[in-house]
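**Q** Below are the chains, spelled out letter by letter.
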Amino acid sequence: MAGRLSNQGKRVAMMVFAFVLMGYLGLGLAGQADALALGERSLLIDSSDANADTQHTFTFTYATSSTSVGSVAFEYCTSPLPAIACSAPAGIDASGATLTQQTGTNGFVVLSSQASRIVLSRAPSVPVTAGSSQYVFDNVINPDGTPSTFYVRITTYPTIDATGPETDFGAVVNAITSGIDITTEVPPILNFCVGVSIPGDCSTAEGNLIDLGTLKTADVSIGTSQMTAATNALFGLAIAVYGTTMTSGNNVLTPLASPTPSAPGNSQFGLNLRANSTPGIGQDPQGAGSAVPTASYDIPNRFTFNSGDVVAISSSPTDTRKFTASYIVNISPTQPPGVYTATLTYICSATF
Amino acid sequence: MTSTNTRGFIKRMLRILPLFAAGIVLFAASSVQAASNGLGITPRKDYSVEQGKSISDVLYISNLSLSQNLEVTMRLLDFGAQNETGAPALQLNEDAPAVPWTLKPFIKIPKSVSVPAGKSTNIPISISIPASQGAGSYYSAIE
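Protein chains in written order, with the working numbering: chain L, 1 to 352; chain X, 1001 to 1143.
Careful: at least some of the hints might be erroneous.
As the list claims (entries may be wrong) - Here are the simulated lysine-lysine pairs, DSBU-like style, with alpha carbons at most 35 Å apart:
#1 L:Lys216 with X:Lys1053
#2 X:Lys1111 with X:Lys1045
#3 X:Lys1108 with X:Lys1119
#4 X:Lys1119 with X:Lys1053
#5 L:Lys216 with X:Lys1119
#6 X:Lys1108 with X:Lys1045
#7 X:Lys1053 with X:Lys1111
#8 L:Lys322 with X:Lys1111
#9 X:Lys1053 with L:Lys322
#10 X:Lys1119 with X:Lys1104
#11 X:Lys1045 with X:Lys1119
#12 X:Lys1053 with X:Lys1104
Said to hold, decoys possible - Okay, the calculated beta carbon distance ranges per label pair:
#13 X:Asp1057 with L:Gly213: 46 to 56 Å
#14 L:Pro187 with X:Ser1067: 18 to 28 Å
#15 L:Pro187 with X:Gly1136: 22 to 32 Å
#16 X:Thr1085 with L:Ile189: 40 to 50 Å
#17 X:Thr1085 with L:Asn139: 50 to 60 Å
#18 L:Asp138 with X:Ser1137: 35 to 45 Å
#19 L:Asp49 with X:Ser1067: 46 to 56 Å
#20 X:Leu1066 with L:Val339: 41 to 51 Å
#21 X:Ala1096 with L:Ile189: 53 to 63 Å
#22 L:Ile189 with X:Gly1136: 35 to 45 Å
#23 L:Ser79 with X:Asp1057: 53 to 63 Å
Since the hints were derived computationally from the structure, they do not count as laboratory data. By construction, the Cβ of each residue, glycine as well, lies at the ideal position given by its N, Cα and C atoms.
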């Protein structure tokens, strides 16, 4: 028979082809299996912001101790798989990278730094495989985050220029994130409290009635109240007093229009915010705050009262400041009898 | 007749000054016990509002007493400048004529609010500027 291959011939031909094909695949697989995997690999980037000029730190353990290492290549790709052609992540720029630190297997210099590939080179010698090695690169421009994940293929070579057969291989992964912005605000607050006494903070303020007892011409009658104020507002605060002098029907005690000493036997009503010796009453302002009595209410042993007067003020934020208001009441011998009362309202507000 | 565009963008600077008022009674006779109080408040708010527009906001009140609940009543006051310190001169007399810069006709606030001991609350306020209102700065206080 001429011109036709017998079935036996066909079967033989097919077997030979299959043997050759398998042999080729076997050779190819045997070649890849020689490169060991770099151990304990990591990539730390100082900033994960897109396009940031930042520091990349590679850490890994060399696997092969019997073969010298003359160069290490760091190649930025969108896939870790060596079987897939490396496509550089958009925006990566390692062309200006500088090797600022190396530990473990060292002695390298930057042979070349391209946009997506850095090659370190040294005189070939066996690497340190006990413990990790680390290489720190500054001035690496991050990818632009599209996609957010990127890989770096790390390959070691016995040659000094990252050519020829590979010794060890490994890939590391990292990601570019947009970050999370957290903002908050501390609002301006003004705290104020008034009481007959405030032993501690505002929660301890108690009493709003001062009993001056029976008024006498020979002696001054005295009383105190306290108030605390604080604000974190930039514009500060002001405390003003409103009200009337002590009255009993149409009978009044003379309010002291200007700072005046206490003079028993004369009709007087006034207050100040200082410690006094004549009479012995009151305390100076207390606390770390910056609020201070205004001039008319800041003179020891001088008392005054005008409704609407600002008695204390701070033009800036102030910690808690405690003021003790000292009241004096004197009556003249001709003062009509009666129950004399006064209601004083302290108003604390922001300044403007 | 002018269009909205040619009328332009007219802003009013509005300033609200919350106040805290507390009283002390001096009594030359027998004494009566009553509760004292302490409050934390939003001290000042500034707004810019166009003609014909409204805004809504909240003011913060905190009851600093840990044992006494508070019933807080509120009213609007006019004020002017006390002096160069920036302290306000409050107009406490409700019968007094309104000042030209009053914000009182345009603000709505609740009449009262309850604040439990040690708690805080937000007070809703709203400001509505009439479309015909002239440009300028307006101020009021909430006592």
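**Q** CA of X:Lys1111 to CA of X:Lys1045, is that 35 Å or under?
**A** The hint holds at about 19 Å.
**Q** Check the hint pairing L:Lys216 with X:Lys1119 against an upper bound of 35 Å on the C-alpha distance.
**A** Violated: L:Lys216 and X:Lys1119 sit about 45 Å apart, past 35 Å.
**Q** Does X:Lys1108 pair with X:Lys1045 here, judged by a C-alpha cut-off of 35 Å?
**A** holds, 15 Å
**Q** Could you say whether the range 53 to 63 Å given as a hint is met by the Cβ separation of X:Ala1096 and L:Ile189?
**A** violated, 30 Å
**Q** Could you tell me whether the CB distance from L:Asp49 to X:Ser1067 stays inside 46 to 56 Å?
**A** holds, 52 Å
**Q** Check whether the Cα positions of L:Lys216 and X:Lys1053 lie no farther apart than 35 Å.
**A** violated, 62 Å
**Q** Can you tell me whether the CB distance of X:Thr1085 to L:Ile189 sits inside 40 to 50 Å?
**A** violated, 21 Å
**Q** Take the C-alpha atoms of X:Lys1119 and X:Lys1053, compute the straight-line distance between them, and say whether it is at most 35 Å.
**A** holds, 33 Å
**Q** Verify the CB-CB distance for X:Asp1057 and L:Gly213 against the hinted window 46 to 56 Å.
**A** holds, 48 Å
**Q** Given the hint that X:Lys1108 pairs with X:Lys1119, test it: the Cα-Cα distance must not exceed 35 Å.
**A** holds, 24 Å
**Q** Does the alpha-carbon distance linking X:Lys1045 and X:Lys1119 stay inside the 35 Å limit?
**A** Holds, because 22 Å separates the two Cα atoms, which is no more than 35 Å.
**Q** Given a hinted range of 41 to 51 Å, is it respected by the beta-carbon distance of X:Leu1066 and L:Val339?
**A** Given range 41 to 51 Å: violated, Cβ gap about 34 Å.
When held up to the earlier numbered hints, the structure conflicts with 1, 5, 9, 16, 18, 20, 21, 22 and fits the remainder.
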